[in-house]
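There are 2 protein chains.
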Amino acid sequence: MKITPKYFEDFNVGYTFETEPTLISKNEIIDFASKYDPQLFHLDEEKAKKGPFGQLTSSGFMTLGKSFTQIFLTGIFDGTSMGAWGIDELRWTKPVCPGDLLKTKVEVLETKRSSKNPKKGTVRLKHTVTNHNKEVVMTWISNQMLKTK
Amino acid sequence: MKITPKYFEDFNVGYTFETEPTLISKNEIIDFASKYDPQLFHLDEEKAKKGPFGQLTSSGFMTLGKSFTQIFLTGIFDGTSMGAWGIDELRWTKPVCPGDLLKTKVEVLETKRSSKNPKKGTVRLKHTVTNHNKEVVMTWISNQMLKTK
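Listed in order, the protein sequences are those of chains A and B.
For what it's worth, the working numbering labels the leading residue of the first sequence as 121, then goes sequentially.
For what it's worth, the working numbering labels the leading residue of the second sequence as 121, then goes sequentially.
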């Protein structure tokens with residue numbers, strides 16, 4: 121679903137939106153891991169079978185980037201994002217595996233205009249990522265900076 | 121510097137180690153952004169000049185993956201890592217730009233054996249990532265699971 125770009129003032133506490141699903145593939149898991157998280161359970165299908173998850177799993181960093189990309193592709197931050205200054209309480213609650221289809225629900229927890237720069241504000245967002253079995257695989261809170269009007 | 125792999129019991133509060141430096145390149149920033157963080161200030165050198173940072177900057181997710189990879193390549197978690205269950209208080213404190221050389225210092229904050237499974241424990245690690253000008257560009261705390269002996 122496409123969302124009209126929103127400025128800081130457009131976000132109200134409690135507002136929610138959801139992304140389109142994104143597919144996690146074996147090749148992408150391995151390619152990402154080779155550069156950004158070269159642990160054997162993200163990198164080698166055979167060796168992963170003897171690892172802590174019993175199978176190949178996505179790097180949590182990849183799951184994070186895939187989820188954020190789906191959020192960004194809604195268009196909600198187009199031309200209004202000024203980057204994020206941090207993440208709080210990120211939790212990887214279930215392994216993410218090849219063939220998983222992930223969706224992200226986003227909820228506004230808090231909004232705060234910058235005291236130093238009235239041209240920007242922080243929107244604190246809670247993200248819940250679920251797989252096709254409706255299991256929560258990751259949650260995190262981002263501190264997203266947005267332009268004011 | 122190579123570090124002998126460590127099990128849960130080998131980590132004591134206050135122990136620190138540091139990674140080798142890693143170079144951030146323009147091509148890698150753009151390639152990563154195209155898949156995991158397609159904001160224009162990570163994706164397009166010309167448009168980034170008019171963006172919030174005035175130049176092309178690394179996705180914070182890429183900085184995270186680059187930093188973790190340097191940690192992993194020390195060998196400290198070889199065969200002992202059981203993945204991580206979360207991140208706390210991640211802060212992006214300075215933009216990361218093409219040509220930056222990043223190092224990560226890691227400090228043990230806390231260790232806790234699993235109450236459910238004596239074969240594993242969590243080591244809570246504070247990470248401080250600095251550039252070649254000794255500026256802190258990112259900090260975060262990970263909750264890393266490790267095998268016990």
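Just so you know, the hints here were simulated from the structure itself, not pulled from any lab data.
Note that the structure is a prediction, hence the values are computed from the model and not measured.
Be aware that one or more of the hints could be misleading.
Each pair may be met inside one copy or between any two copies, as identical chains are not told apart.
To be verified - List of simulated lysine to any residue pairs, SDA-like, C-alpha gap at most 20 Å:
(1) Lys267 / Gln175
(2) Lys267 / Glu255
(3) Lys236 / Glu148
(4) Lys155 / Cys217
(5) Lys239 / Asp164
(6) Lys240 / Ile150
(7) Lys155 / Ile144
(8) Lys155 / Lys246
(9) Lys126 / Pro218
So, going through the hints one by one against the coordinates:
Only between protomers do lysine 267 and glutamine 175 lie at most 20 Å apart by alpha-carbon distance; the minimum there is 17 Å, versus 43 Å within a single protomer. Taking the shortest Cα distances, lysine 267 and glutamate 255 never come within 20 Å of each other, neither inside one copy (34 Å) nor across copies (26 Å). Proximity of lysine 236 and glutamate 148 under a CA criterion of 20 Å is satisfied in neither setting, with 41 Å inside one chain copy and 33 Å between copies. Taking the shortest Cα distances, lysine 155 and cysteine 217 sit within 20 Å of each other both inside one copy (18 Å) and across copies (18 Å).
For the identical chains of this complex, lysine 239 and aspartate 164 are neighbours neither inside a copy (47 Å) nor across copies (23 Å), given an alpha-carbon limit of 20 Å. With identical chains, the CA atoms of lysine 240 and isoleucine 150 are never at most 20 Å apart, being 38 Å at best within one copy and 25 Å at best between copies. Proximity of lysine 155 and isoleucine 144 under a CA criterion of 20 Å is satisfied in both settings, with 17 Å inside one chain copy and 12 Å between copies. Taking CA atoms no more than 20 Å apart as the test, lysine 155 paired with lysine 246 passes in neither setting, with 28 Å inside one copy and 22 Å between copies.
In the homo-oligomer, the alpha carbons of lysine 126 and proline 218 never lie at most 20 Å apart, since the shortest distance is 33 Å inside one protomer and 30 Å across protomers.
Checked against the numbered hints listed earlier, the structure breaks hints 2, 3, 5, 6, 8, 9; every other hint is satisfied.
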